[in-house]
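*Asks:* Protein sequences appear in the order of chains U and D. When we follow our numbering, the leftmost residue of the first sequence carries the number 689, and every step to the right adds one. When we follow our numbering, the leftmost residue of the second sequence carries the number 10, and every step to the right adds one.
These aren't lab readings, by the way, just hints derived from the structure by calculation. Just so you know, these numbers come straight off a predicted model, no measurement behind them. The reader is advised that the hints may include incorrect statements.
Claimed, not checked - Quick list of in silico lysine to any residue cross-link-like pairs, SDA-like style, CA-CA up to 25 Å: (1) U:Lys1023 to D:Glu169; (2) D:Lys158 to U:Pro1027; (3) D:Lys158 to U:Gly1046; (4) D:Lys158 to U:Ala1075; (5) D:Lys158 to U:Ile1041; (6) D:Lys158 to U:Asp993; (7) D:Lys177 to U:Ala996; (8) D:Lys158 to U:Asp1076; (9) D:Lys177 to U:Glu713.
Unchecked claim - Label pairs and their in silico Cβ distance ranges: (10) D:Asn915 to U:Glu1002: 50 to 60 Å; (11) D:Gly100 to U:Gly954: 37 to 47 Å; (12) D:Ser161 to U:Asp835: 56 to 66 Å; (13) U:Glu960 to D:Gly126: 52 to 62 Å; (14) U:Glu960 to D:Asp97: 34 to 44 Å; (15) D:Arg861 to U:Gly954: 49 to 59 Å; (16) D:Ser761 to U:Leu963: 37 to 47 Å; (17) U:Glu1002 to D:Gln110: 38 to 48 Å; (18) D:Pro173 to U:Pro862: 32 to 42 Å.
Yeah, the Cβ is synthetic: ideal placement off N, Cα and C, and Gly gets one too.
Next come the chains, spelled out residue by residue.
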Amino acid sequence: MKSFTFIHAADLHLDSPMLGIGRLEPRVQSRLRDASLEAYDRLIDLTLQRHAAFLVLAGDVFDHETPSLRAQFRLRDGFLRLERAAVPVFWAHGNHDPFGSLSTHVHWPDNVVRFPAGRVLWHRVEQGGDILCAVYGISYPTAAVTDPYVRQFIREDDAPYAVAVLHANVGGQPGHDNYAPASLGDLRAAGFNYWALGHIHQRAILLDDPPVVYAGNLQGRHVRETGPKGAYVVEVDASGRARLQFAPLGPVRWELVPVNCDGFSGWDQVEEAALLALEPLGPEPHESGVVVRLLLSGRAELPVDPDAPVELAERLSSDPDQDGPFRFVESVDTKIRRPPQPVPPEGLWAEVIARIRGPGYEQWESGPAQLPLDLEAARNEALRLLADALDEVEPDAN
Amino acid sequence: MRIKTVRSLGYGPLPDGFQMSLEASGLIPLVGPNEAGKSSLLNLLRVLLYKDRRLGVREGEGGQLEVEMDDGSVIHAERRGSRHRIWDAQGRALADEEWQQRLEADYKVFENVYAFGLGELEKGESLDAKTVGARLISAGLGVHVDLVKVESTLAQRARELYAPRGVKPPLNVALSQLRRLLEEIARGEAELSRYDELHAELSEAEELAAAAADEERQAAADRKRLGDMDRVWDRFERWQTVMRERTALEHARDVGPELIARFQRLRDNAERSRERVAQQEQRALEARQALPIPARLHAFRRSEWATVMEEAREIPNWERDIAHHRGAAEELWVQMTAESERLGITPERLAAGMAVRVIEPRMDALARTRQEARRLAREAERALEEAARQVDEAGAVVDSLTDVPRRGEWAARRARLEALAGRPEPGADAPLLVWGVAALLALVAAGLARPPAAVAVAAGAAAAALAGLGLALARRRGLSRTALTEAGLPSRDRLAAERLYWDELGARVTEREQAEERLERARRSLDEARSALLRARADQDVAERHYEEARAAEELPDLDEADLQYWLSRVDDALHIVSQYRRAREQMVAIEKRQAAFLEGAALTAALLHLEVQDTHSPDTWMRLRQEWLDIPQREERLREQEAEVEAARAEAARDAALLEACLGELDVPSVEAAAVRVAEGLQYEAFAREVMRLEAELSAASHGQGVEAFQPYRDVGLEEALETARVRFEDARALHQARQQQAAELRRRLSVLETSGELADLRLRAEARRGEASRLYQRWAAYTLAAQALQESREHFQRERQPEVLRRASTLFTSFTSGRYLRVLAQADSVRDLAAESSDGRLFPVEELSRGTQEQLYLALRLAWIEDREQHAERMPLVLDDILVNADPEREQIMARTLVQFAKNRQVLYLTCHPEVERSLKRARSRMAVPLAPQARVR
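Generate coordinates for the entire structure from the input sequences, incorporating the hints supplied.
*Replies:* Printed below as a string of structure tokens:
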């Protein structure tokens, strides 16, 4: 067979906002907003630079079923660049951009193959008269697909190499919707040479032979999607062996940075420790910037200052007047607890602790219920606040 | 802490020097009658322990205190008036703040809980004030705080973050902004869903715009066509006029262009021939007029003129010579200036050089000149003195003759005297009178004899008679007395004397005149001498100055010999050049004189020749005249040629006139004028024909090709109405077109925004940021609320279910005091205002419903319980009780006394009383020995 290269990308989530971002600054706002589109442009650049035979998009190209026209036109423009270079694009729709309900307003170029909804279809990829491979794929008709689509993947081609494109939760990974459920065994048994998966945003090679690969998303969208994000360059040699190379493409990297504050008594100590923790984070030369959430932990007697976290975030962000690479601390999460206090086993204090720790607050009625609440964190914080408040009024006693 | 000694320094009724030493713990009764100073002692302890502003001490009063702290250290306190100081055993002063920290109880606590009388005891509020009351409950927490305040603080902070119906708290603000952003996002997404619809609307709008554009173009074309027609409407009217007038000239239609053209050509030829003859004749005349000066010169004084003209030829040479000499002179000046500068020759240096070489030999001559001038000046001075003396002498003579009359006066007087002396005596003329009368009579007689001759003789005789009569009368008036009196003479004799005097006076008049003449001469001599002196002095000044200048020049610094020699040689050169320049100047002056003479002569010659020569002093004029003179032969030749031209032109004019005459015959008209009329009509016809064609072309163009016929419908109604209609139609069409275009542009803009704008993404990102902020605030709000609620619920539960230790202990004491009548003391969590007592049968009695004594027992129980609780972890304080048992019945009094003795086992309790029964109760309760409160009391 003839060797070739293709690009495996997934979960582009074009025009996705940065979910749960703690704050914004005008300097970084447009760069955060455009990060997914810029990552996509880089993906097209990569495809052309590596002379890839084709590009695979394993679902969730758009973040919304009604993507912005800006995103649609940006996507089409990239496809047009590939069309001019005769590079086909294989696009399987996922739960964020289901084939049936995705509303777009552009005409996709002829080099774009959108796999049909709920039905596996395959296409042959040729180069100079040689058949390089066959690409199989299936799209979601709606956002929630619980059918095991993997069972529809049956090889029918005569190509020396076959790539399967599927947006699915393989192995029932927790924390993700269990769409198009499949097991690793199912995939191995289907007889394909490469499984190009989407849906899980943390890139992973689930199996080496045949490669079963989650490319992860192109650009991290929130604090749980940390580290470099990008696509895989898959080089298939004449023997059919695939060599994978990760290409970081996301211009903005998310990082969750823990800072141990054990024994600290002032916010200046926190800032000093945070600066040390932030030092090695970059950004890297290919990145526009890094968005950081600091996680303060440990036991410390810090002065009660509700504004301190936000002020700390502002101080630790790089100079907002510069247009170059940025380090943007979007929030400071405080999980700091007070040093253990001698608590009488009985008495009012013990009862207060028991009440705060106990049931009864899961259904918060008087608060704005549409917002998520970390009840455990709230309990810890309540205890800390209570202790601080008791300290505050103590001098009046005796 | 316990009190070791207390001493009064004249405090209140306590005598100065009163001292009490307390060396042990336990209950110590202090017994004394009223006004023995019990309350003063209590107050003294207060002012010694605390420097509270509420504790006033008069100046001159005070006290001293020595206490032993729980840790064994000894502290001293002293109060003198407003001054209060505390120091330790080492003499180190303790600040008030440090002292209170060691006591761990402020004055309020001490006053209400440790040192009180019945007044404080009966006021339940004195236990409250945020501190004592709260401790009742918070003791169960393991800390000692005001829990309600804590709850309130936490709840307040939660409310500051979020209020269910609030607007301003940050979480409310964040949620409100989030809602607005989500609404904007929804609108943006709705707009997105209309993208295809907008495209369709755009297509439709563009079609409508195109149709409107067509209509606008059409309306514009109509308006323009009608406007163009309106602009050429006068052409249409002209076309109508021309058409009518052309019809009227139909008879001239056959004259024909060929004949017209030929006639016009022949007429023009004849006219041109005539004009040419006139032109040639004019030229010949001009040629003749160009000749007069030379022509007259030919005939008159040509030789003289030739001389003048030859002179004129020299004019440029003269000017050249003058310029050359002037240039030479200027060049010389430049050379000399440069040479002087180069050598650095200045007048001073030159003078110095010259002084050495030129002036020195002349110094003797200058000295002599000066000497001579001085001598002449002295002589002039002497001459002046001599002249002055002569003036004085002559003046004296003249002054001596001032009474001598002047010659005029003298001559007039003398003449008058002579005249008087020459007159006859009165009556001496009588014979003459007679003679006159006789002559008159003779004349009368002659007249009577021969009338004509007689008349004449008579007349003569009459005249002679009259003359004689007149003379006689005059003589009679001559030397009368009146005349003498008028002359100032009394008599004729005096007249004679007067004449003699005046004759003799004539010699003195002459003498005076001579003296005055001498004086005048002397004065003139004086003036001359004065002038001579001035001149001599001026000459002397000059001589002196020359001499001094020469002397000064001798003293000037000298020039270098070589430079001077060189410069003198250059001066020689310069003198040579100057001599040349002078010669050139002289030559130039001679030339200028010669030129002036020439111009004068030439002008005279021109005047003789009656030439109209302007500016005869200008050499240019004479040069021009000279050239004209030289041109005379050519001009004569040109005149001859011009005259020949005139003849030729005349011949050609005759030939053309003949041809024109023949043409008139063809036109069948008698004269050129008639022919012109005929031809003009023919031409007019032709012109009308051409104009019609031109107008029709214009009208056709203006009507955009529709021709004259397009104008015909508007002959009666006019174009204005149609034009206005077209204008309105065009304006409507244009407005519609613009509206359609704007509509399409707006749609394109909206589509463009949708296609390129990151607004929706921006909104989503901002919404996420706002959601993040709201979540963070919500998390904080939840923590505060959770803490506040948990504390509140716990406190309430604790209050309900688990009495705090203080209340429990107070209940025990209260039960003991009341012998089991009441079992429990109950209180709200934050206050003892709502105290209640639970009786043994389970009924609750609010404190105000209890008897006075029972209330006091309850409050005492609470205080003792509180003190026990406090002193588990704080400095013990002495308890000072001012007769608080007096309202208790004997049984309860005994119980309370026992309780107090028991309470005082580990602390110091001072009980102040004036009641012997109380003292006895305390004794029965095994208190320490009572101390009589009197001066110099001492307890051991």
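*Asks:* Now look at each hint and say whether the structure bears it out.
*Replies:* Each hint tested on the structure:
Our distance criterion of 25 Å between C-alpha atoms is met by Lys1023 (chain U) and Glu169 (chain D), whose separation comes to about 22 Å. Between Lys158 (chain D) and Pro1027 (chain U), the direct Cα distance comes to roughly 24 Å. Compliance with the 25 Å bound is thereby established for this hinted pair. About 24 Å separates the Cα atoms of Lys158 (chain D) and Gly1046 (chain U), which keeps this hinted pair within 25 Å; it holds. With a C-alpha separation of about 13 Å, the suggested pair Lys158 (chain D) and Ala1075 (chain U) falls inside the 25 Å cut-off, and the hint holds.
With a C-alpha separation of about 18 Å, the suggested pair Lys158 (chain D) and Ile1041 (chain U) falls inside the 25 Å cut-off, and the hint holds. Restraint check for Lys158 (chain D) and Asp993 (chain U): satisfied, since their Cα atoms lie roughly 19 Å apart, inside the 25 Å limit. The hinted pair formed by Lys177 (chain D) and Ala996 (chain U) meets the criterion: a straight-line CA distance of about 21 Å does not exceed 25 Å. Using a Cα cut-off of 25 Å, the hinted pair Lys158 (chain D) and Asp1076 (chain U) holds, with the two alpha carbons roughly 13 Å apart.
A distance of roughly 23 Å separates the Cα atoms of Lys177 (chain D) and Glu713 (chain U); the hinted pair therefore holds under the 25 Å criterion. A hinted range of 50 to 60 Å holds for the C-beta pair Asn915 (chain D) and Glu1002 (chain U), which are about 58 Å apart. The beta-carbon spacing between Gly100 (chain D) and Gly954 (chain U), approximately 39 Å, falls within the hinted interval of 37 to 47 Å. At roughly 58 Å, the beta carbons of Ser161 (chain D) and Asp835 (chain U) sit within the given window of 56 to 66 Å.
A hinted range of 52 to 62 Å for the beta carbons of Glu960 (chain U) and Gly126 (chain D) is consistent with their spacing of about 59 Å. Between Glu960 (chain U) and Asp97 (chain D) the beta carbon distance is about 42 Å. The supplied range of 34 to 44 Å therefore holds. Between Arg861 (chain D) and Gly954 (chain U), the C-beta spacing of about 56 Å keeps the proposed range 49 to 59 Å intact. In this structure the hint that Ser761 (chain D) and Leu963 (chain U) lie 37 to 47 Å apart at CB holds, the actual value being about 45 Å.
The hinted range of 38 to 48 Å is satisfied by Glu1002 (chain U) and Gln110 (chain D), whose Cβ atoms lie roughly 40 Å apart. Taking the beta carbon of each, Pro173 (chain D) and Pro862 (chain U) are about 36 Å apart, inside 32 to 42 Å as hinted.
When the structure is compared with the earlier hints, no violation turns up for any of them.
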